[in-house]
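Please model the entire structure based on the sequences and the hints provided.
In order, the protein sequence lines correspond to chains C and Y. Residues in the first sequence are numbered from -5 upward in steps of one, following our numbering. Residues in the second sequence are numbered from -5 upward in steps of one, following our numbering.
A portion of the hints provided could be inaccurate.
Identical copies look the same in the list; a pair holds intra-copy or inter-copy alike.
What the hints assert, rightly or not - With a straight-line Cα cutoff of 30 angstroms, these simulated DSSO-like cross-link-like pairs (lysine-lysine) come out: (1) Lys192 - Lys115; (2) Lys77 - Lys317; (3) Lys186 - Lys68; (4) Lys68 - Lys192.
Derived from the structure by calculation, the hints contain no laboratory data.
There are 2 protein chains.
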Amino acid sequence: MGTSRTVLSIDAMGGDSGPAVVVAGMAKSAEKNPDIRFILHGPKNELKPLVNKRKLQDLVEIRDAEDVVSMEAKPSHVMRHGKGTSMWSAIESVRNGEAEVCVSCGNTGALMAVSMIRLRKIEGVNRPAIACLWPSRNPGGFNLMLDVGADIRADQDDLLQYALMGMSYARNGFGLARPRIGLLNVGTEEHKGRAELKVAYDIIADAAEDNEFEFVGFVEGGDIPSDRVDVIVTDGFTGNVALKTAEGTANLISEALREAFKYSPLSRIASLLAYTSLRRLKKRIDPRRVNGGVFLGLNGTVVKSHGSADATGVSAAIKLAFKLAETGFGAKLAARVASATNASQTDEIVAGDDGEIGDLKTT
Amino acid sequence: MGTSRTVLSIDAMGGDSGPAVVVAGMAKSAEKNPDIRFILHGPKNELKPLVNKRKLQDLVEIRDAEDVVSMEAKPSHVMRHGKGTSMWSAIESVRNGEAEVCVSCGNTGALMAVSMIRLRKIEGVNRPAIACLWPSRNPGGFNLMLDVGADIRADQDDLLQYALMGMSYARNGFGLARPRIGLLNVGTEEHKGRAELKVAYDIIADAAEDNEFEFVGFVEGGDIPSDRVDVIVTDGFTGNVALKTAEGTANLISEALREAFKYSPLSRIASLLAYTSLRRLKKRIDPRRVNGGVFLGLNGTVVKSHGSADATGVSAAIKLAFKLAETGFGAKLAARVASATNASQTDEIVAGDDGEIGDLKTT
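What follows is the structure, encoded as structure tokens:
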């Protein structure tokens, strides 16, 4: 592989649909990006025929790994006994610098656990986060939300870190010079919400000027897809519930739409005439197009594809990984967080006891 | 007013669109339910012409109240200085037994605060909850979720109370003999989620047999509109974010759908042909049809209509209030919670210190 190529590390196993779908997704991506190269992790004798069938031999190096992390596996078990798995091997390629970004369809908890122990957190980050793209009314078509499930807890300092990581993503991934950041709450008034959110409000507001982002304050669930914000910051419990609720709502409406068009002969004709319009709509809100949660805050970038992703979904996750690798996003994020952490050292010492009380409350 | 009539107490003020819309909603409801009677609260000289215009004089008694609770008012301020407001007056009619159920489009926080101090919590309930109907795949078309915003906190005992209140609602409001209850979490495995959720899981499971509901365990955001559950239990912070995220998602898709049909001449023709299908869809997911959060856990039932509700929305809230009044829901709920609380007294004493530690954690 030449040095000008972008190398991605792909976990072939662990998705609901098996490695054939992953390799099909790689083929789709390779067609569009001639500079892409892959290290593919999984059982060699199973993967080789799939790679040959798609004629990807010249772009793919297979790394043999017999074991698979199942969807039911406990993260703690995988951390102790997961060395022989394709997931572990895929992370390892990012750790040792062979690949820029890792992509996996596997068990989220296990993937985060392995990423944490092998890649380690970057300086200044207490809790890594999973960021996801959210279809929005902004010109670029997407907002970013984090954390959507790396950790069920986040205190005020974690939320500040999420804001800085989200800002770095929006600047590099969305090309926004001055990203607008909002903090998710149950009301937009300053006196509302949990205690740690009020503190987070103040410290994120304080960090805005130095870090050149705009803090729009509290936002509500209805603002997540809005054009008044680019990055939405929340804890991983709330973020995960919001993400899955939105997916559930979109699925319910899609079903209802299909049923509505099946109802009468006239509506069936209408659905034929509306075919291209409906396809356009589907493309706009298709969850497969936004497939890929990005793990932020680690020494190395990991993209988590949906477990049930098909070839289109896997290809979307690979496209995202490729883009992040090309922009050198990982290094920029680490530099940004480190500089912000150093700048705020003085404040932290002054805050002293208050900070500790806040920590106790949210533990 | 005859004693066989169902009397509802209506706060005319505080909604975004003013009292004319409220009175229009009352007229819609009165047309469909000849047994309905109203006590209407607000400035008499403003309300009288509206009532006369709709020819509702015989069904409506106007109760003069000059002051209005604004959308920006702080609940604590309204608790101290709200006596002269239409909201206070409307709650008062339920408190003194003149009306069965109160309906208001006003400020949610203030309405809950006034309801708490005037109606008081029923025995055995620590935190009242707001329950809302959620369009679902169940035969009845709706699931119930609570709490969607009465309180930003809920510990394990509160979540058990919510389960019992939700069960009572599902039995009376949905006519289900054995409602299925799920606890919202970020995964369906028992080992996942926050500490208080694991404890809540156990105590709700223990209460299922005596109270004749089915506990389906943990559910995720995507399950809220599913047919594997009737009642979804969560804390008010998470519930409020989920509700507003779902509304935001539905709005985004509706917009995209409209745009898709405007795109080309062919798609415009299709939208004309699909008119009835789209109307059917709109009716199915129209948030106005599910308008009305119900305050549970108080000595008296209060229905909170959306602040931006139009006449159709107000009428939906009134319909819900009428139904709850007719079934004597309030008294049944109180009886159910009181009996369950007495049954679990022994357990609580045994739990002792543990319960206290749990409380500190979530404060």
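Cross-check of the supplied hints:
1. Proximity of lysine 192 and lysine 115 under a CA criterion of 30 angstroms is satisfied in both settings, with 26 angstroms inside one chain copy and 28 angstroms between copies.
2. Proximity of lysine 77 to lysine 317 under the C-alpha cut-off of 30 angstroms is restricted to the intra-copy arrangement: shortest distance 29 angstroms within a copy versus 60 angstroms between copies.
3. Taking identical chains as interchangeable, the C-alpha atoms of lysine 186 and lysine 68 lie at most 30 angstroms apart only when they sit on different chains, with a minimum of 10 angstroms there against 37 angstroms within one chain.
4. Only between protomers do lysine 68 and lysine 192 lie at most 30 angstroms apart by alpha-carbon distance; the minimum there is 16 angstroms, versus 34 angstroms within a single protomer.
Figure legend: structure checked against the earlier numbered hints; every hint is met.
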